[in-house]
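Take a look at the letters that make up each chain.
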Amino acid sequence: MKIMRKYAIVAVLVAGVAGLSVRANADTLLSLPAGYFNKPAVIAGAKLFARHCSACHSVQSLRFNRLASLGMTKAEIQKDVMLESGANYLQGMQPAMTLAQAKGWFGMPPPDLSHMVRNLGAGFIYNYLQSFYWDPSRPSGWNNHLFPKVAMPNVLQPWSGIVTKQGKVIEPGRVTPAAFHKKVADIVAFLRYASDPSVFTRYKLGGYVLGALIAFSLIAYWLKKEYWKDVHSDSAKHKK
Amino acid sequence: MATFGDWLNKRFPLRELMREHLTEYFAPKNFNFLYYTGSLLLLMIVLQFVTGFLLMAHYVPTSQDAFASVQGIMYDVRWGWLIRYMHVDGVSLIFVLLYLHIGRGMLYGSYRKPRELLWIIGYTIYILMMGEAFLGYVLPFGNLSYWAGMVITSIIHSVPFVGPALSTLARGGAGIGTATLERFLALHAVLWFWILAAAIFIHILALHQVGSNNPDGIEIKDTKGADGHPLDGIPFHPYYTVKDIFGVGVWLTIFAAIIFYAPTMHGVFLERTTFSPANPMVSLPDVTPPWYLAPFYAMLRAVPNKMAGIVLMAVAVVLPFFLPWLDRSPVKSSRYRPVYRIMILVMAVTFFTLAWVGEQPPLPKYFLLERAGAAIYVGFYLLLPIISRWEPTRKVPDRVTS
Ligand code: HEC
Ligand code: HEM
Numbered sequence: 045m046k047i048m049r050k051y052a053i054v055a056v057l058v059a060g061v062a063g064l065s066v067r068a069n070a071d072t073l074l075s076l077p078a079g080y081f082n083k084p085a086v087i088a089g090a091k092l093f094a095r096h097c098s099a100c101h102s103v104q105s106l107r108f109n110r111l112a113s114l115g116m117t118k119a120e121i122q123k124d125v126m127l128e129s130g131a132n133y134l135q136g137m138q139p140a141m142t143l144a145q146a147k148g149w150f151g152m153p154p155p156d157l158s159h160m161v162r163n164l165g166a167g168f169i170y171n172y173l174q175s176f177y178w179d180p181s182r183p184s185g186w187n188n189h190l191f192p193k194v195a196m197p198n199v200l201q202p203w204s205g206i207v208t209k210q211g212k213v214i215e216p217g218r219v220t221p222a223a224f225h226k227k228v229a230d231i232v233a234f235l236r237y238a239s240d241p242s243v244f245t246r247y248k249l250g251g252y253v254l255g256a257l258i259a260f261s262l263i264a265y266w267l268k269k270e271y272w273k274d275v276h277s278d279s280a281k282h283k284k
Numbered sequence: 008m009a010t011f012g013d014w015l016n017k018r019f020p021l022r023e024l025m026r027e028h029l030t031e032y033f034a035p036k037n038f039n040f041l042y043y044t045g046s047l048l049l050l051m052i053v054l055q056f057v058t059g060f061l062l063m064a065h066y067v068p069t070s071q072d073a074f075a076s077v078q079g080i081m082y083d084v085r086w087g088w089l090i091r092y093m094h095v096d097g098v099s100l101i102f103v104l105l106y107l108h109i110g111r112g113m114l115y116g117s118y119r120k121p122r123e124l125l126w127i128i129g130y131t132i133y134i135l136m137m138g139e140a141f142l143g144y145v146l147p148f149g150n151l152s153y154w155a156g157m158v159i160t161s162i163i164h165s166v167p168f169v170g171p172a173l174s175t176l177a178r179g180g181a182g183i184g185t186a187t188l189e190r191f192l193a194l195h196a197v198l199w200f201w202i203l204a205a206a207i208f209i210h211i212l213a214l215h216q217v218g219s220n221n222p223d224g225i226e227i228k229d230t231k232g233a234d235g236h237p238l239d240g241i242p243f244h245p246y247y248t249v250k251d252i253f254g255v256g257v258w259l260t261i262f263a264a265i266i267f268y269a270p271t272m273h274g275v276f277l278e279r280t281t282f283s284p285a286n287p288m289v290s291l292p293d294v295t296p297p298w299y300l301a302p303f304y305a306m307l308r309a310v311p312n313k314m315a316g317i318v319l320m321a322v323a324v325v326l327p328f329f330l331p332w333l334d335r336s337p338v339k340s341s342r343y344r345p346v347y348r349i350m351i352l353v354m355a356v357t358f359f360t361l362a363w364v365g366e367q368p369p370l371p372k373y374f375l376l377e378r379a380g381a382a383i384y385v386g387f388y389l390l391l392p393i394i395s396r397w398e399p400t401r402k403v404p405d406r407v408t409s
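As given, the protein sequences belong to chains A and B, one line each in that order. Note that the first sequence covers residues 45 to 284 in my numbering. Note that the second sequence covers residues 8 to 409 in my numbering.
One thing to keep in mind: the hints can contain errors.
As the list claims (entries may be wrong) - Partner residues aside, some chain A positions facing chain B, computed with beta carbon under 10 Å: (1) 115; (2) 119; (3) 257.
Stated by the list, open to error - Output of the computed footprint for chain B on chain A, the stretches with three or more beta carbons under 8 Å from beta carbons of chain B: (4) 162–176; (5) 179–185; (6) 267–274.
None of these hints come from the bench; they were simulated from the model. Every residue gets a Cβ at the ideal spot worked out from N, C-alpha and C, and that includes glycine.
The task is simple: from the sequences and hints, build the whole structure.
In structure tokens, the structure reads:
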């Protein structure tokens, strides 16, 4: 009975904490495929990002040389991510255009994407990049279901094709929808890595740390039991 | 042979201190898992001090560079991410422990005579900890930091007469900027922190004067053996030192699991809006406090009038100070007070519900919940003097049950 009560209290507390951790997400339409986040996906995403996004967006906090920890070589990083643009290998990722140019073209500088995944959520960005539709009333010709009147054009048009607000296909994408989803998921994987580059080290190290701490706890438990033997026999004595 | 120990003890009361506080300090033998919380809080405070010190080595308290310097710690400083996650998640875990610790005190009547002062010192620590957490919250200068700083200093602003001067003093000017960060850092790391540390020291001294309560709410000092030691007491060392070491092991395992696998706890321990830089031009749709302050924020919002809301919140924060005198029952522990036990359970559920609703955007559909929560919270303290007088109690045994 006592044990039951203890568990009931713990259950209530756990439920409370779990309730706190469930946050309403933006109306998620597509969900990211399970297991989309791994080193090969991040590397593929970094290359796609360099080609399609880095003209406008910086990733200030992430230095190019950091990508070497994913297993990329310096030559590979320079060729596929820095695009032989003369950027500095030791510096954060900078956009090709200047702030003034950006203001002139879009009315606002494209935001830095270093922490965007943690700010908006990976799921949101995954959907945002696939929610562009054709809207001739916009200066860029593009609008977005999740971000109405967005200043960013649909840079992924070759893959997504051109679709109207109602979903009518004006021009089909050059890749299958499945391939499109995969490429966007890779870009999101890269942005997730960029928002927290310690992630793979953490996952790997965590196992060892937890193992050591659990071993420590077991030894401590055994020690406690040894010491407390005489407390329990003492109380038996008192009762007699 | 005169040993170094003798030499030392002639000049410093090390042996006496050990005796008085460890080997001949007697604690009840029937502690349950809630009694780990005190030693774990001590551990966590020390960890906060160490990780905070390391963070300070790289932090720049200017409105220009604060955000970037914190990101530099996360991205470029070796093991910086570990240090920062420990410090940030440490805060939330300290509040988890504090709520268990306070809840334990309420469950077993640990606030009752002769522990009234111990309770008051403890609750003062809790209030100081809320201040310490707020000061730290502003430092990384994410957008949430900025707006949280604005909201709290504007609450200070509405204090009658001295408010405007006080809020200017807190901000170091008209707005939140470098001057604010500089003084918040000085407070967070030096003055406020050491007042907190001193309060914790006094808390332990007061505890050792009266001795621990226990889940049965029985004074072990009332039943002493022939040797003058409490029959139900055991020396703190070695029994509770080994037990607490086991508690530390389990606790650090939980802590490490969070740091390594869920350091933001899905945006609860490290909120989403802390990941964009402070920007006075981009106001946040809803500035909600961290989960551990949210219950009080929910009560603030429960009243449409700002001033009345602030008063309600202040009352809610202050009420627990009076607990030792509001409770009139002859019995301490809720184990032998069925009605009081239900009240505590309702209170716990209410508190976590308020924490949840305080995190939600300010929508009319939550008003009812906020008001009901505030009413139950305040009602608990107002009804306790009446209910505790007539509530039936069960027979309290003479000796602790194990
Ligand atoms: C032609 C320049 C340009 C390119 C290329 C570009 N963007 Fe953008 N992006 C912008 C602008 C401008 C904004 C600001 C939109 C606004 O606030 O209206 C933006 C905003 C965003 C946002 C923030 C959306 C929000 O809800 O706040 C994300 C995420 C984003 N871009 C991702 C990407 C990704 C990923 C790529 C590469 C596939 C990319 N962008 C390529 C110009 C660009
Ligand atoms: C960082 C903050 C705190 C630290 C480090 C701390 C430390 C401790 C320690 C080491 C103990 C003895 C071990 C135990 O009983 O768990 C204790 C007991 C106690 N504390 Fe705290 N405490 C803190 C905050 C508080 C707060 C906020 C309150 C109350 C509002 C409080 C009230 C008490 C009471 C009443 C006891 C005696 C409990 C009993 O004997 O049943 N403490 N504290």
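Fill in: Earlier hints that do not hold, by number
As far as the earlier hints go, 1, 2, 5 are violated by this structure, in ascending order.
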